[in-house]
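Trainee: Following the hints, put chains B and C in place on chain A, whose structure we already have.
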Amino acid sequence: MKLRDIASLVNGEVTGPPEADNLEITGVSGISSAREGDITFLSSERYRKYLPACTASCILVRKPIEGLRMAQLMVSNPQLAFAKLLGHFYIEPVKPLGISEHAIVSDKAIIGKDVSIFPFSYISDNVSVGNGTIIYPHVFIGQDTVIGEDCVIHSNVTLREKVKIGSRVIVHPGSVIGSDGFGYVFDEGKHHKIPQVGGVIVEDDVEIGSNVSIDRATTGNTTIGAGTKIDNLVQIAHNVTIGRNSLIIAQVGIAGSTEIGDYVTLGGQVGIVDHVRIESGTMIGAQSGVAGNLIKGIYSGSPVMPHRDWLKAQAVFARLPELHKKIRELEEKIKELERRDQPA
Amino acid sequence: MKLRDIASLVNGEVTGPPEADNLEITGVSGISSAREGDITFLSSERYRKYLPACTASCILVRKPIEGLRMAQLMVSNPQLAFAKLLGHFYIEPVKPLGISEHAIVSDKAIIGKDVSIFPFSYISDNVSVGNGTIIYPHVFIGQDTVIGEDCVIHSNVTLREKVKIGSRVIVHPGSVIGSDGFGYVFDEGKHHKIPQVGGVIVEDDVEIGSNVSIDRATTGNTTIGAGTKIDNLVQIAHNVTIGRNSLIIAQVGIAGSTEIGDYVTLGGQVGIVDHVRIESGTMIGAQSGVAGNLIKGIYSGSPVMPHRDWLKAQAVFARLPELHKKIRELEEKIKELERRDQPA
Amino acid sequence: MKLRDIASLVNGEVTGPPEADNLEITGVSGISSAREGDITFLSSERYRKYLPACTASCILVRKPIEGLRMAQLMVSNPQLAFAKLLGHFYIEPVKPLGISEHAIVSDKAIIGKDVSIFPFSYISDNVSVGNGTIIYPHVFIGQDTVIGEDCVIHSNVTLREKVKIGSRVIVHPGSVIGSDGFGYVFDEGKHHKIPQVGGVIVEDDVEIGSNVSIDRATTGNTTIGAGTKIDNLVQIAHNVTIGRNSLIIAQVGIAGSTEIGDYVTLGGQVGIVDHVRIESGTMIGAQSGVAGNLIKGIYSGSPVMPHRDWLKAQAVFARLPELHKKIRELEEKIKELERRDQPA
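Residue numbers (the working numbering), protein chains in the order written: chain A, -14 to 329; chain B, -14 to 329; chain C, -14 to 329.
All clues stand as given, with none of them false.
Derived SDA-like pairs (lysine to any residue); straight-line CA-CA distance at most 20 Å:
(1) 48(A) <-> 36(A)
(2) 175(C) <-> 265(A)
(3) 311(A) <-> 304(B)
Treat the hints as calculated values from the structure; they're not laboratory data.
Bound conformation, chain A alone (with noise of 0.2 Å):
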């Protein structure tokens, strides 16, 4: 694909050495790993060390890199246009398998056009799949649960009962969603069960990574807003609601009932309690811990604080020993003074 197409297909405007319109580009790839016939991206700043020795034919910049022999391509976005020349050279159209004889689908299912359900997937009764959505190997869906269309769910995941996904969701190996959620009484010495009778409703465009966990309701839904997208290894707990276009990055734990507004950004490992609510725009450090509700503000720290005084009060930490010595040879040094002050 001559580099004046791709310009053209990213909105964008090529600089760099005559005839640079006129290069072949063969594939996309990151800076470190970029051959001729590649077009690239700087990622990251601290990437910046690869360009001189990158072979690559062309990078895609917000404004001109000064120095460069190899051929510039200026978007508005680059990030953004590199994810479309990723689909754009690797990603090929899918292809429909329709029901493998191998599957197992309910009678009374209702299965949309131009889906793929592999092999030893199993549909139980009442459930609907969306035209286009595509169910890998191994998948199990509980009765009355409704899919989308254009969705993935890849191998060995689980959809159970009465759960609601929207269109174009992304569901990776390995995650479960709707288990019944941690919810018992204690009474005479043990804990009984509560039936958790509720459903989970996962809106549009939402992906969700592998091995994520998502509990059902007790009674009622738990709700992951349109758009939303959830890593690796998530736990997500009854009755929990996130909202729209948030990121849950890998390792993060809500605990039961807790609200997640829009535009939430929960780093890796964070954990947050039951029954407490995070404001819109809130971003929140990695292995934070969130004991209560939070403004809109960014946080670290567990207990978490507003992480500016986080940084402040880490500094600190650090130099404990420091103070703990100095506040020692005060305390010497008052004594000193205070005997010296005693009248004679």
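Mentor: Using the frame of chain A, we list chains B and C on its own:
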């Protein structure tokens, strides 16, 4: 169902508007989503705010709440009554399906009465499955594994060889019981695998969440005591022993050979090192880290300290920058005092 | 098996009661559960207390332990000898099962000799499976994925497309290799997916625990070096590189593009941010958080600091309330001194 019949089911007493006994109850729901016809329950004090607008027909209470228009049903444990009613209204009795012709069950396996074995499950030689147990699709059960009566083994679960599961045990989707413990000997620059030839014992009435990992013992057994409940994404290493009726919240990790007593509660994301002992009745706060034996108590922090001490230390932590400044001021003042104190 | 034959198997020397060479050894067991006929081993100094009451017939030791009645078998590495004997006594040689008629194996897949492919596994086009490899039930293997010789792929594992697995690799149940990395571009209020078109390389002799998530690279490869061992529920993001013979303990999370050297040990629940580099030989304590590059050393804390410094700072942390009080007392004393110091 008439409220009077519900009262008799949960051993409660109706108060409220005249004719309340005759109210028709058609559902059970949490306070924020309950509607007319529902019986509800205040699961958290934080939800009291929903009471005025709640249109439920009846609420389960320990003592009457003043000023409510809806009927009230007094019981000794409202949450227990709520659990009972959820089961009564929403859980259908199990109709055993028998053994699917699409499952593979060894001729040498012993299968009880009234079992349900779904398609695509695989049951190895010498496995025993007790009466009334349900095995969902895509379950793998290894040789010599024994499962008791009335268990539910959800989809995509792996129970490897020589695992013993008691009765009334529930295992949620994606969990793995009996994977090899993480044991190696370092010799001549390499990690050599220590064969993990022990087993796992899961006693009666245990519930195990989704995507949980419980490793088999090196020799002997990893043991989960009767009535213990384990949440999602928990890691239990080889040779761990957990007592009876403990609660292990999501994403906890317990390292090898550690012993946890009875009625222990481990908060979410707690980590416990290997070869330590946690006494019965101990409670450990979320995200805490345990590096040594613990006598009965309430603990928090990483590493843990008694919870009260941790609260106090944590309160000072937030003020460290301020304390740091104060120490510098004190230093200045003392220098000034020392200067003045010098003989002229 | 006579003790003298065991001695010759592990290259050891028998001491102890007369005729010890002739003892019949019938099993191998840990110190707390060993019985007559067993050979045992002290896996932890904490277990020395079990020695007096232990009825094992023989113990593996580096140097003779005084005052023991049981026979002793001196070897240069008792744990290594223990591992060897466990394998010798309990691990049966594999009998290849061939390809189950209940598995689905593409005509375009290349399957080696002496393989075992269990029922309900699904092997896509252009997959290659090396000699002697075992694939348990419910395994999904995507297109173009290559698996070496003598691997064990446990049940419910997903290996997506274009994954390269070396030889003698073990993957425990429920793990996922090759799921999409967590990559999005934010534009006009939405997160747009960056196609993840790279692969994963898992080199020889790697062991991967249960319910582990290893994401494929955006472009290029996520790489796990030869001999590295990964425990359960670990998260490895796209484009991460792990060197050789490292140990990654349970529930660790490693963010995108981070590079881990050789012989690195990451304690349980450690979190590491994206785009950093951890030098070979580094050890990081459980629950630590890494936010920048690390040169070889031992680290703890979140964020990490050198382990010794962390121990000292943590010791002062516990005493913060006391220090706080002391600072207030010092302030009072200084005020008093200042007052006295005022000219009358």
